[in-house]
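The primary structure of each chain is shown beneath.
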Amino acid sequence: MVRHIRKNGHQQKTRIDKIIKGVLFTVTLFCASIILFIVMFIFIHGIKPFVNSYQVGEYWYRVNFWRFMTGTVWFQAPNVYGIGFIIINTLYVVGLALAIAAPVSIMTALFVSRIAPHLVGKVITTVIELLAAIPSIIYGLFGMGIVTKFVKNLAKIFNYQSAGGLSTLSTVIVLAIMIIPTITMISIASIKAVKRDMIDASLALGASPTQTNFKVVLKSAQSGIFSGIILGVGRALGEATAVSMVAGNRGSGPTFNLFDITRTLTSTMLLGLKETAGLDYDIRFSVGIILICLIFGVNFLLNMVKRRLSR
Amino acid sequence: MRKIKDLFLNVITYVSSSFGCLVLIILLLFVFKNGIRLLDWSLITSDYHQKTYQVNITDTKNYHLGDYSDPQLDGVYYSSVWGIGLQDDIDRNNEKIVTIRYLAPLSPFATIAKLEVGYQISKMTMADEMGNNLLALAKNGAEPMVADLDEAKIITDIIATSGGGGIRGSLLTTLYLIVLTLVIALPLGICAAIYLHEFAKQNQFTHIIRTMIDITTGIPSIIFGLVGAIVFIPMMNKTIQSSGGSIASGALTLTIILLPTIIKTTEESLKAIPNSYRMASLALGASKSQTTFKVILPNAVFGILTATLLSIGRIIGESAALIYAVGTAIKDSVAINEKSTSLAVHIWSLMGGENPNYELSCAISIIILLIVGLVSLGVKLISRTINKTEVK
Amino acid sequence: METIFTISDLNLRYDQNQVLHSIDLNIYKNKITAFIGPSGCGKSTLLRCFNRMNDLIDNCYIDGNIEFANKNLNEINPIELRTKVGMVFQTPNPFPMSIFENVAYGPKCQGIRNKATLNRIVIDSLKKASLYEEVKDRLHESALGLSGGQQQRLCIARCLAMSPEVILMDEPTSALDPIATLKIEELISTLKKDFSIIIVTHNMQQAARISDYTAFFLLGEIIEYGKTVDIFKNPKNKKTEDYITGRFG
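Protein chains in written order, with our numbering: chain A, 1 to 311; chain B, 1 to 392; chain C, 1 to 249.
No lab work stands behind these hints, which were simulated from the structure alone. Model, not experiment: these values are computed from the prediction. We put the beta carbon where it would ideally sit given N, CA and C, even for glycine. Be a bit skeptical, because a hint or two may be false.
Claimed, not checked - Computed list of lysine-lysine pairs in DSSO-like fashion (alpha-carbon distance at most 27 Å, straight line):
1. A:Lys195 <-> B:Lys3
2. C:Lys115 <-> B:Lys3
3. B:Lys5 <-> A:Lys215
4. C:Lys29 <-> C:Lys84
5. B:Lys114 <-> B:Lys61
6. B:Lys123 <-> B:Lys61
7. C:Lys84 <-> C:Lys127
8. B:Lys264 <-> A:Lys306
9. A:Lys215 <-> C:Lys136
10. A:Lys149 <-> B:Lys96
11. A:Lys192 <-> B:Lys380
12. A:Lys13 <-> A:Lys192
13. B:Lys288 <-> A:Lys13
14. C:Lys71 <-> C:Lys193
15. B:Lys238 <-> B:Lys331
16. C:Lys108 <-> B:Lys5
17. A:Lys215 <-> B:Lys3
18. A:Lys192 <-> C:Lys108
What the hints assert, rightly or not - Restraint ranges, calculated between C-beta atoms of paired labels, are given here:
19. B:Thr211 <-> A:Asp197: 54 to 62 Å
20. C:Ser147 <-> A:Arg307: 21 to 29 Å
21. A:Phe50 <-> B:Glu354: 32 to 40 Å
22. A:Phe158 <-> B:Asp89: 36 to 44 Å
Chain A extracted, bound-state conformation:
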């Protein structure tokens, strides 16, 4: 049998190994550099409105960067764009959505992992998983069909005329619903990971199960829960389709009125898309740059807070 193995078979194997390793490495390098490409291309294209000149009618224009960042009106012909107010609106809407979603998610997670009977917990976990799997376009549809009608009627009670229900409040509600599954699932995992030891110690000291849950379990799981919140915030900041369907298309701002229409960075990129070239198209890439910066910035800040908390 040994005679059948060719002498240079081993050398060939090593050579093949090297080639394959090289191929796989190249592929991996490509996958990793996607993020670089993304940032690069968006940056290059999004810088154009501030650097190149566009022809509108007879004249050539540029967009002023400072006015872009601090502007309170989205578009004034021919070359004034402002996203300052949009950034504020985006943070406002996401902040409110988080204020609703975080408590609901944490309480639901606590219920499922510590309070509910085993079967009920499983059912609710499945419900949350289903909600997590629903695509954003359907949430947008749901927002247009049900949430806006609800807000419209609510506005009537307050004697406020809303634009058919398209409003800040609708956006907040839809976003909250969309990030609750994310935060809940991660919170459930964190709470389940709390050591039995810790819980026994608390009970052995004469604390009630509820006191144990709220004082010890949540505290032990807080790092994981916060990670879930960071993930939820990231998702909310980047959500485009659903938000565009319920936010309205506000031209100027910022606005903090819940019944007014609003505008977020993502809805700006998605709505009003007419041409595929020209200043109006390119400026959306600039908005994209700001969106990426915002998401990274918020992520970074929140991670610092998380580190501070766990000390």
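Once you've looked at the hints, dock chains B and C against the given chain A.
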């Protein structure tokens, strides 16, 4: 005092949990209630755009009016003079129409006007024996139309439509997108996962690569759409002669969205393969590549399957990226180098604009939810099978 | 001599698996009682009966009578019971809070909010647990920064803050090094003045050193129970003698 506080806190957790259930129930009810009416086989097979026919039946020599026998169908108003049965209906755009439910084989509607059962008639201008003009509109209903028909001798103008509101084009597009994307993304992702887990040294460089792939998951899909628009659309324009967006550019965009997920899921399943397999294979004198492709990969099948299912679920739900990277034009004939809409983008097109079509959108949503549901079920079944074999 | 716990004919099983057989036992006040025996013979399980921690296990079924201060255990609210019967666990398990917050946890749960009172309780308990001198400058730092031995003394302090009548200790030093062990044994001996202590231990020498009464368990039964000196010098049962002299276990 403490008991009251405890009870209050417990009640809060109950209420919070029911919020999620409530939302799911309301959402499903909304979608099903609105969409179920349109959900039938023809929705999936017909075109979105309507075909309009404008014909007339005036050549009195070539047809005869007479006694076409009544098939006695329920709800159908029948003209025995012309041999045509009409029924009131509502089309997929929620407008009142009149549908042809029965045509006698020798009816002039069939032989001369060449209409078929299933077509809709929107308007008919007729003249009776004495030359009076009769005008029948679909919005007035089938019964008056048939009554007028019974009086008429010639029909000077028929406007009929067929098809409309179907999602065949979008369904096909979605299928193409899924297949094309998986064909490109799966091999790339699996290769990267294999490299990272089997070949790479666990050093700082590999750590950086992993982090970069991880960061990509935090980027919202609309950004990927932007990248697709400025990178893949021009690339495809040059190579496969598309103009503007195409299914191909969409598939490439979806590929870069899915790569991190595929890599992560595949790596997880590679981690689960016991090291003893690798040791045994190498000890038998097999090379690293042989070990990887003959021993490791076949055992990672479940992980790759999971990655596939997750990708399918993600592709079906993706909207923002495709709006930029492909476009929003609903088409009936679909080709890889042309624009089209996936199911999700179809909904976006229907709901944007002046007349949002809730019913059709909800019907499409039902289909999307069913597929997403099946995918989730699949993933769960796979993980349960894996756990069972591991426990053994 | 006063009895604080009386057990009559206690049987305990997990599903169909019988773990404790017909236990009869009196625990005496202000004495240290040790449970010794090989692993898996039910010592810790019996210990957990005293503060009804076994109630938390689904498939645990208990028959028989336990009386605490002449009251049937089942008639006492478990949460209230645990304020009177405290427990220290095998692996130190401080909460992820400050040292102060750890000790103040129990009293706070009982509704004590006055800052001065809490302060006094915390310092008192830390002193009784021989930990105060070592941590008095960092009361508000995280408890997780303490060494294993210090953490265990913190857990004892946490328990003492509730002013219990009985302290249950489940192998409290098995996870600690010899020096820390010694410190805790000294501590336990001083606590006997104010508390009744039941300690489960693997370490026979430890039982011989610090306990007043010893119960020897084997396969869920009490083989012998009596004064520690008697058990170790003149064991009546051959099995006890075999265990103590190291012939098995």
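These are the hints, each one checked on the structure:
In summary, the hint linking A:Lys195 to B:Lys3 is supported, as the alpha carbons are separated by about 25 Å, within the 27 Å threshold. The straight-line distance between the Cα atoms of C:Lys115 and B:Lys3 is roughly 23 Å, inside the 27 Å bound, and the hint therefore holds. Between B:Lys5 and A:Lys215, the direct Cα distance comes to roughly 13 Å. Compliance with the 27 Å bound is thereby established for this hinted pair. Our distance criterion of 27 Å between C-alpha atoms is met by C:Lys29 and C:Lys84, whose separation comes to about 13 Å.
Restraint check: the Cα-Cα separation between B:Lys114 and B:Lys61 comes to about 17 Å, which is no more than 27 Å; the hinted pair holds. Between B:Lys123 and B:Lys61 the alpha-carbon distance is near 24 Å, which keeps this suggested pair within the 27 Å criterion. Under the criterion of a C-alpha separation no larger than 27 Å, the hint pairing C:Lys84 with C:Lys127 is consistent with the structure, at around 20 Å. The hinted pair formed by B:Lys264 and A:Lys306 meets the criterion: a straight-line CA distance of about 25 Å does not exceed 27 Å.
Only pairs whose Cα atoms come within 27 Å are accepted, and A:Lys215 paired with C:Lys136 is accepted, the gap being roughly 24 Å. Between A:Lys149 and B:Lys96 the alpha-carbon distance is near 25 Å, which keeps this suggested pair within the 27 Å criterion. In summary, the hint linking A:Lys192 to B:Lys380 is supported, as the alpha carbons are separated by about 20 Å, within the 27 Å threshold. Taken as a hint, the A:Lys13 and A:Lys192 pair is broken in the structure, with Cα atoms around 48 Å apart against an allowance of 27 Å.
Note on B:Lys288 and A:Lys13: the hinted pairing holds, with a Cα-Cα distance of about 8 Å set against a maximum of 27 Å. Proposed proximity of C:Lys71 and C:Lys193 is supported: the alpha carbons are some 23 Å apart, at most 27 Å. At roughly 22 Å between alpha-carbon atoms, B:Lys238 and B:Lys331 fall within 27 Å of each other, so this suggested pair holds. Straight-line distance between C-alpha atoms of C:Lys108 and B:Lys5 comes to about 14 Å, which keeps the hinted pair within the 27 Å bound.
In summary, the hint linking A:Lys215 to B:Lys3 is supported, as the alpha carbons are separated by about 15 Å, within the 27 Å threshold. Under the criterion of a C-alpha separation no larger than 27 Å, the hint pairing A:Lys192 with C:Lys108 is consistent with the structure, at around 25 Å. Checked against the given bound of 54 to 62 Å, the beta carbons of B:Thr211 and A:Asp197, roughly 33 Å apart, lie outside it. At about 24 Å, the CB distance of C:Ser147 to A:Arg307 agrees with the hint of 21 to 29 Å.
Restraint check, A:Phe50 to B:Glu354: a C-beta distance of roughly 35 Å satisfies the suggested window 32 to 40 Å. Checked against the hint of 36 to 44 Å, the pair A:Phe158 and B:Asp89 passes, with Cβ atoms roughly 42 Å apart.
This entry does not satisfy hints 12, 19, going by the numbered hints stated previously.
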